[in-house]
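Please put together the full structure from these sequences, using the hints given.
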Amino acid sequence: MLAPSFSNPATLFEGVPPLWVKADKQRINTYMRRAPADDVTLLLVGHGHYDHLLDVPWVMHWYARNAEVYGSDTVVHMLRAFKDPRQVGQHNWLDPARVRSARGYMATVPGCAGRKPPARPGYWITSKGGHIRVMPIESMHASHLLGHTFAQGDYHADLRTPPSSVFGWKQGQSMAWLIDLLNEDGKPAYRIQYQDSAASSPCGILPTPPDATPVDVLVLGVGSWRHARLYPQRVLAATQPRMVLLGHWENFLGNDPDAPEPMKGQEVAEMQATVEDLARQQTPPATVYLPSPFTRIALPAPLTLPADR
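Numbering (our numbering), first residue to last: 385 to 693.
Keep in mind the hints are simulated off the structure, nothing from the lab.
Owing to the predicted nature of the structure, the values given are computational and were not obtained by experimental measurement.
Virtual Cβ for every residue (Gly too), placed ideally from N, Cα, C.
Watch out, some of these pointers could steer you wrong.
In silico EDC-like pairs for lysine to aspartate or glutamate, Cα to Cα no more than 20 Å straight-line [stated by the list, open to error]:
no. : residue 1 : residue 2
1   : LYS467    : ASP569
2   : LYS467    : GLU452
3   : LYS571    : ASP595
4   : LYS467    : ASP457
5   : LYS409    : ASP435
6   : LYS406    : ASP542
7   : LYS512    : GLU452
What follows is a set of in silico ranges between Cβ atoms, one per label pair, in the way DEER data are often shown [what the hints assert, rightly or not]:
no. : residue 1 : residue 2 : range
8   : ARG417    : PRO501    : 44 to 50 Å
9   : ARG482    : PRO402    : 24 to 30 Å
10  : ARG482    : ALA541    : 18 to 24 Å
11  : GLY638    : THR425    : 27 to 33 Å
12  : LEU403    : ARG680    : 16 to 22 Å
13  : ASP479    : PRO598    : 34 to 40 Å
So this is what it looks like as structure tokens:
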């Protein structure tokens, strides 16, 4: 599961995010009943902004009860504010043992956020059942407005109480994720790359892939894509996926998931057209989807794989 978000708090002013936010438990319950998560063992978070993390504690406590969550140190410090069992009514209790930092597993990317070579290779995190493995990749978050990214920064210690304002849900270290779905022999049957926020090149792009397994599905965040350098061109060129899913395109400020509308001022249609044009230039061409919430999209047909994969 990738950073579920259903609360979508709004204000009276269209397109303006609220200052104070809290999880809408009734709304989460309504939509999570349409997306059963009993079999989820890994919940991956790319960064700590409220529209990616606000609903995670409630989802993990009531729905994804078998999942461990992985994210940056800042994500961990925010989620551990939910560690008091007495909060189960007001917030929800989240066992600290289920909250894990991905920092030590993260592959670093020379040139991302001024990082100089050499790169540090990433390490795999394997799910409890052994059917999935994931690797975090150093990334960043494109600016929101006039070169400024809201709620930047990090936490360096566990919070005592959950954040209440949008600025309290801090970004922390942004991460992209490489996700392998493994076959019965423990080999990758499918590889997915998840870029949860638009990121300037080379952030989010592995300088050296861990092996020769190709990327089957690339998930790209649409929000703020115009503020990211060489995005999505470079990540598409580096991964050459067979399928592209465009996410985080719908207005999350009080939206209706059953009648989604594009985010205002984000040029969603232009992003889709750009990706479709790039996808057609690949050999073979990639299929591109702009899925609505709760849409089910089948993985592409399996490839004929070399014997060593």
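Hints and how they fare:
1. LYS467 / ASP569: Judged against 20 Å, a Cα distance of about 37 Å means the pair is violated.
2. LYS467 / GLU452: Roughly 14 Å separates the two Cα atoms, so the pair holds.
3. LYS571 / ASP595: holds, 11 Å
4. LYS467 / ASP457: holds, 16 Å
5. LYS409 / ASP435: holds, 14 Å
6. LYS406 / ASP542: holds, 19 Å
7. LYS512 / GLU452: holds, 9 Å
8. ARG417 / PRO501: 44 to 50 Å: holds, 49 Å
9. ARG482 / PRO402: 24 to 30 Å: holds, 28 Å
10. ARG482 / ALA541: 18 to 24 Å: For ARG482 and ALA541 the Cβ distance comes to about 19 Å; the hint holds.
11. GLY638 / THR425: 27 to 33 Å: holds, 32 Å
12. LEU403 / ARG680: 16 to 22 Å: Once the Cβ atoms are compared, 36 Å apart, the range 16 to 22 Å for ARG680 and LEU403 is violated.
13. ASP479 / PRO598: 34 to 40 Å: holds, 37 Å
This entry does not satisfy hints 1 and 12, going by the numbered hints stated previously.
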